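Number of protein chains: 2
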Amino acid sequence: MDSRDTRAQAATVGVLLIGDEILSGSIKDKNSDYIIQQFSPLGYDVREIRVIPDDRKRIGGAARELSEEYEIVISSGGVGPTHDDITFEGIAQGFDVQLVESQRIMRFLHERYGERMHDDLKRMALIPDGADVLLEEIGSPWPVVRYRNIYILPGLPRAFEDKIDRICASLTPKGAFLGGQVFLTADESDYVTWLNSFQLRHPDLSVGSYPYWDQPEYRTRITVRGRDDSDVSRAMDELTAFVTDRNWLVRAERY
Amino acid sequence: MDSRDTRAQAATVGVLLIGDEILSGSIKDKNSDYIIQQFSPLGYDVREIRVIPDDRKRIGGAARELSEEYEIVISSGGVGPTHDDITFEGIAQGFDVQLVESQRIMRFLHERYGERMHDDLKRMALIPDGADVLLEEIGSPWPVVRYRNIYILPGLPRAFEDKIDRICASLTPKGAFLGGQVFLTADESDYVTWLNSFQLRHPDLSVGSYPYWDQPEYRTRITVRGRDDSDVSRAMDELTAFVTDRNWLVRAERY
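Protein chains in written order, with this note's numbering: chain A, 3 to 257; chain B, 3 to 257.
Isolated chain A, as found in the complex:
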C-alpha cells in the first residue's frame, strides 16, 4: 500500500474486555475509552468492543472472531495469578493450542519476586503456544504477551495504559481521523430529508445525527468524520451554510 494514500489505509481494532466485575457493575471500564483516545489519532479505527465474563469458552470464541475480523485486537483483564485470571487459557482453547511455560516470563518472575516467588505465581507464565513475549522490544517493565494479532493486556488501568502507550509507539501511523460538528436548534424531523442527500453527496465521510433532550441551547448535533482534510472542510462548509440559512446554527466546530 502506498503510504501517502491515507484513506486506503484504514486499520481496524477490536477490543475484548474480560471480567465479571465490569458486567456486574463492580468496576467501571475506563480502558476502552483509553484505546479510542490513543488509537484514533494514529488512524486506527476501533470497530467493535465486547465485554464478556470470566469464561474460557467465551474468551476463546470472542478472541478468535475478533482476531479474524480486525487487524489488531486488544484484550484487557484476566492475566494475573488468581483463579479468575483465565484469559491465556481461554485464548489457547479458542485457537486449539496448548499452554506452554514461557522461560522468558519465568526468568522475569524470579527476578521480580525473588524470595517471594512461589508455585501459584507460575500461572502467569503459562501462555498459548506460539505467543510472542514482548519486553525490551517495546521498552516494557512487565512482559506483554501477544498471540497472533491479539495483545493480551492486564485490566488494571494504569498498567493497561502504560502498555497501550508502548504498543501505539510501535505502530506505523495511518492517516488520522478528522471531524467536525454543528449544534442546532432544529429537530431531526426538520432536516432528515436534506441529511440523507448530504450523506449521499459525501460517501467517503461518516455523517451522524444525534438528538438531545437535556441541553438548553441546542436540540440536535450533526457530525462529520473522515480522513481527508479537504473532504471534511467541503462538507462542513456545506453543512454550516445549510443550517445558517435556516437560522438553526448554535455553533460549528472542526477538530
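Think of the hints as simulated: they come from the structure by calculation, not from any bench. Keep in mind that a hint or two might mislead.
Since the list gives no way to pick one copy over another, a pair counts as held whenever it fits inside one copy or between any two copies.
[Claimed, not checked] Under the rule of at most 35 Å between Cα atoms (straight-line distance), these lysine-lysine pairs were calculated in the DSBU-like manner:
id: 1; residue 1: Lys-30; residue 2: Lys-59
id: 2; residue 1: Lys-30; residue 2: Lys-176
id: 3; residue 1: Lys-124; residue 2: Lys-30
id: 4; residue 1: Lys-176; residue 2: Lys-32
id: 5; residue 1: Lys-124; residue 2: Lys-32
id: 6; residue 1: Lys-176; residue 2: Lys-124
id: 7; residue 1: Lys-32; residue 2: Lys-59
id: 8; residue 1: Lys-59; residue 2: Lys-124
Source: prediction; values computed, not measured.
Got chain A; can you put chain B on it based on the hints?
What follows is chain B alone, placed relative to chain A:
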C-alpha cells in the same frame, strides 16, 4: 422451575450498543451502566455487552447471536429517522425477514407530528416482520419495538432509561444478587494460594480479586457475589477472618 429456588432462576441479559459515535469516542456510553443498575436488583444478570458500528450486517449478526444466547437482549441506538438509523433493517436482515410498515406506529407518528409529518419519518414505522409494538402495554409515551426477545430501544439516554424502567417493571423479579468485599493491604501474590482454595470451597459464589496502584489505603480488593444470603454471609465471615488474622484488613462491606 420452582419460583422459591432463586439460584436456579438465573436470567441472562445481552446488550447490543449500536453506533459509530460510541466507537469514535464522540458519545460516551451511559446506557450499559443503566442496564446493569436496573436489571441486577431484579436478579437479571448482564452477561455480555457488544458495541458495534452502524453496519446492517454486523447489527443482524450480533442481534441473532445475542438473541440465541441470552434470555433478554437490549439494543440501544439507530431507531430514529436519519440515514444512520438502520437497526430495524439490520435485525430484519439478521433474521432473514422483511421490513413491514407498522400501522400502529404510523398512527402514532401522525398523531405525534400532525402537520409536520412527512415521508422520511415513515422510516421509523418500518419494523421487522413479526415484531411486537408495545405502547399502552408498558405505559410508554413512545412505541417500543420488540423482535423475539430483543427490545429495540433508542440510544438517547433519557428516552432509553425511561423504556428500561418500563421494561423492568414488566418483568418477573428473580432472586437478586448479593455481595460483599474486603479491601486489603496485601498483594495478590500473598494470598493467591488461599484464594484459589476459597473459591473451590464456595462453588456457588463468584469470587474476584483486583489489584490497585493508586490507592493510599489499600492495594487489593476481594469480592464475593451470589444469590443466597447465607452462602454470601458464610463466605464473608471466612474471608474477613482470614485477612484479619494476617493484619491485612482495611475494611469489609456487605451489600
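Now the hints, each set against the structure:
no.	hint	result
1	Lys-30 to Lys-59	both (24 Å within a copy, 29 Å between copies)
2	Lys-30 to Lys-176	both (30 Å within a copy, 24 Å between copies)
3	Lys-124 to Lys-30	within (29 Å within a copy, 38 Å between copies)
4	Lys-176 to Lys-32	both (25 Å within a copy, 30 Å between copies)
5	Lys-124 to Lys-32	within (28 Å within a copy, 38 Å between copies)
6	Lys-176 to Lys-124	neither (39 Å within a copy, 40 Å between copies)
7	Lys-32 to Lys-59	both (25 Å within a copy, 28 Å between copies)
8	Lys-59 to Lys-124	within (22 Å within a copy, 43 Å between copies)
Checked against the numbered hints given earlier, the structure breaks only hint 6 and satisfies all the rest.
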